[in-house]
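I would like the entire structure built from these sequences, with the hints used as guidance.
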Amino acid sequence: MNVSSLKARPQYQAVVTRRTLKKIASKGAFYLLILIILVYIIFPFYWAIVSSLKPMTELYSNPLTYWPNHLTFDNYSKVLGNNLFLHALLNSTIVSLLVTVISVVLGSLAAYALGRFRFRGRSFILYLILSMTLFPTIAVLGGLFQIVSSLHTILYDQLTALILTYLIFTMPFTVWVLRSFFQSIPVEIEEAAYVDGANPWQIYYRVMIPLALPGLATTGLLAFIQAWNELLFALSFIITPERQTVALAITNFQPQGGQGYAIDWGQVMAATVIVTLPLVALALIFQRLILSGLTAGGVKG
Amino acid sequence: MSQNVSAAPTNLKVVRSTLHRSRNIYAWVFVTPTLLVVAFVALYPLAQTFYLSFTNARFGQSQVNFVGIDNYVQLTTQDSIFTDAVKVTVIFTVITVVFETVLGMVVALVVNSNFKGRGVMRAVMLIPWAVPTVVSTKLWAWMYNDQFGVFTDILHRLGIIKGNFAFLATSNGTPFAIGIISAIDIWKTTPFMALLLLAGLQLIPNDMYEAARVDGANGIQQFFRLTLPLLRPALLVALILRTLDALRAFDVFYVLFGNRPDTESMSVYAQQRLVGGGREGYGSALCVAIFLIILVFVVVYVSIFKVEEA
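Chains as they are written, first to last, in our numbering: chain L, 1 to 301; chain X, 1 to 310.
The set of hints was computed from the structure by calculation and includes no laboratory data.
All values reported here derive from a predicted model rather than from experimental measurement.
Hints are all accurate, no fakes.
Covered stretches of chain X (in silico footprint by chain L; criterion: 3 or more residues with CB under 8 Å from a CB of chain L, positions within the stretch not fixed):
| id | stretch |
| --- | --- |
| 1 | 37-50 |
| 2 | 123-132 |
| 3 | 139-151 |
| 4 | 275-284 |
In silico SDA-like cross-links for lysine to any residue, where the CA-CA straight-line distance does not exceed 20 Å:
| id | chain 1 | residue 1 | chain 2 | residue 2 |
| --- | --- | --- | --- | --- |
| 5 | L | Lys-78 | L | Leu-277 |
| 6 | X | Lys-116 | L | Ser-26 |
| 7 | L | Lys-23 | X | Asn-114 |
| 8 | L | Lys-22 | X | Ile-220 |
| 9 | X | Lys-306 | X | Leu-241 |
| 10 | L | Lys-22 | X | Asn-218 |
| 11 | X | Lys-87 | X | Ile-180 |
Positions of the beta carbon are idealized from the N, C-alpha and C atoms, including for glycine.
Here is the structure:
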C-alpha cells in the first residue's frame, strides 16, 4: 500500500498540498459514490415505510411529503386485523418451515453419501442433481399441474402441494452445497469413529451433523427464503383465499374498508413491510452464512 | 478354521469387502429418500409435461387425444402472443443482464476497497435479494403510480412534466414497458451480482496489484489487464445464473402487468394458458418450448466456457 511513502523523497510544499487536496477530493468522490449506492438500494424501502405511516388523506395528495406530517399506525392495525392476511402469514410459516426441515434432513443424508461414499451410480446421481439446480421450474408446470389437480383430496388447493413441489428447487441446491461441506471435513475424524466400531448411520448423526451445523444453517436459511418468496406454484395450485401464502396474498391484496381508490396503497405498503421484516432480520443476522452458501453454490457450481 | 493362520490376509480382504458392501448399502439407504423426491416432483412431472404436450388435454375433461406435433406447429406458426412473449423476455434478459453485470462490477469494485462501514454495506446489499420479488414489484408499482407516485412527483418538481405521468400505461408502448420492468429487476439483482463478484475479487491477492503499481500500471490498466481476466470464471458463472433467471422471469411480470398481452413474459403466458385457461396440452407444449429456448442459451454459454478453457 505505502510503497511511495516508504521511498521518502524530498517534496516541495506546493506539490504536497496539491496532493493532499487531490486525495481529499478522491476520498470525497468515493464516499459520494457509496452514498449514491446506499440511497439507490434503500430508497424503495424507505418510501414503503413512509407511505405505510401516512393517513390516507396525506398519501393521496400532491405535492407528496417525504416524511409524514401526521404519523399513523392505522394501516398496520388494518392489515393485522385482516384475517386473510394473518392466514397467509401462518400458511407461509408452515410451508417454509416444513420445506426447510425436509430439505435439510433428506438432503444432508444424500449429501453425506455422495460426498464420502464410493458406490456405483454416484456420478450419475451427482449429474442429475447438478442439472436440477439449473432447472427452470416452469418446465415441469404442465405435468405438475395435472398431477396436483388429479389428486384432489391430498394435493389440489392444499398446502401439501406447495410443501412437496417446493422441494424441486430447495433439495438439489441443499444436496450440492452440503456435499462440498462434508467433503471439507477431515477424513481422519470419520476413520477414528469407524475404528471405534461406529456404523455409517451413527457417524452421520453423531459426528458429521454436529460438524456440518454451519452448512446446515446456511442451506436451511436459503431454503426458507426461497419457499417464503415463491409465487408461481402457489398461484397455480391454491384457490381458497384462506390457504394463500404471503406472496399470493400480497399479489391479490384486498384492502379492508378502502374508499374511493381501487387499491389502498397505504395498506399494501404496510403488508409488504410486515412480510419483509423477517427476511431483512434473517439477512442481516446471518449475512456471512448466507453469502458463504451462495458463493459455494454459485461460484463453484 | 484349521487354516486360520495362513488365511489371515484373505480374512482381512473379506472384512474389507463386507465393510465396503455394507457401506455401499448405507449409501443407497441415505440417497434413496432424495432420489424418490426428485423422481416424484421433478422427473415424473417433466415426463408428464412432455407427454401432455403431444395431446389436447384440457382441465376437467377426461377424454385425451394424441395430436402429434399439432401444439408445436400452432405455437411456432400461429401464436403471435407467444412469439411476442419470447421477444419481450429475450429483450428483458439482455437489458437486465447487461446492466446488472456492469453496475454490479462498479459496485463490487467500490465495496472492495477498505472503508469504514464495509460490513454494514455488504449486509444492506443482501436485503433487496432476500425480499420477495412480489414485494419489490409492489414497492416499485407504487413509486410508478401515475398520480401519487414518487417518480411523478420528482419529475414534477424538476419541471420536466406537468400533471400526471402514466408510467405503467399500455399507450407508452412495449419498449417503454420493458424498460420500466427491467428497472425493478436491475434494482433487486445488481447488489446481489456485486456480492457474487466481490467474492471473486477477494480471491485476487493484493501483491498482484502492488506488482502492477510498481510496474507503473494505472487504475484502468489494472482493471482491464489484471482484475477482469482473473475475475472471468466468477463472472461467467454469475452471467449464466442471471441469464437463466431472467429467461424464466415470472413474478415481476405477473405482479406488474398481469396478463397484458404485449408485456407478458414466456412464463406468464404459459402459466395463464395452462392454469387460467385450463389447456393442459397446449400449455405443456409452451412449457417444453420455454425449456428448449433456455437450453439453447445454456448450450451457447457452455460452448463459450469450453472455448475459454481450450
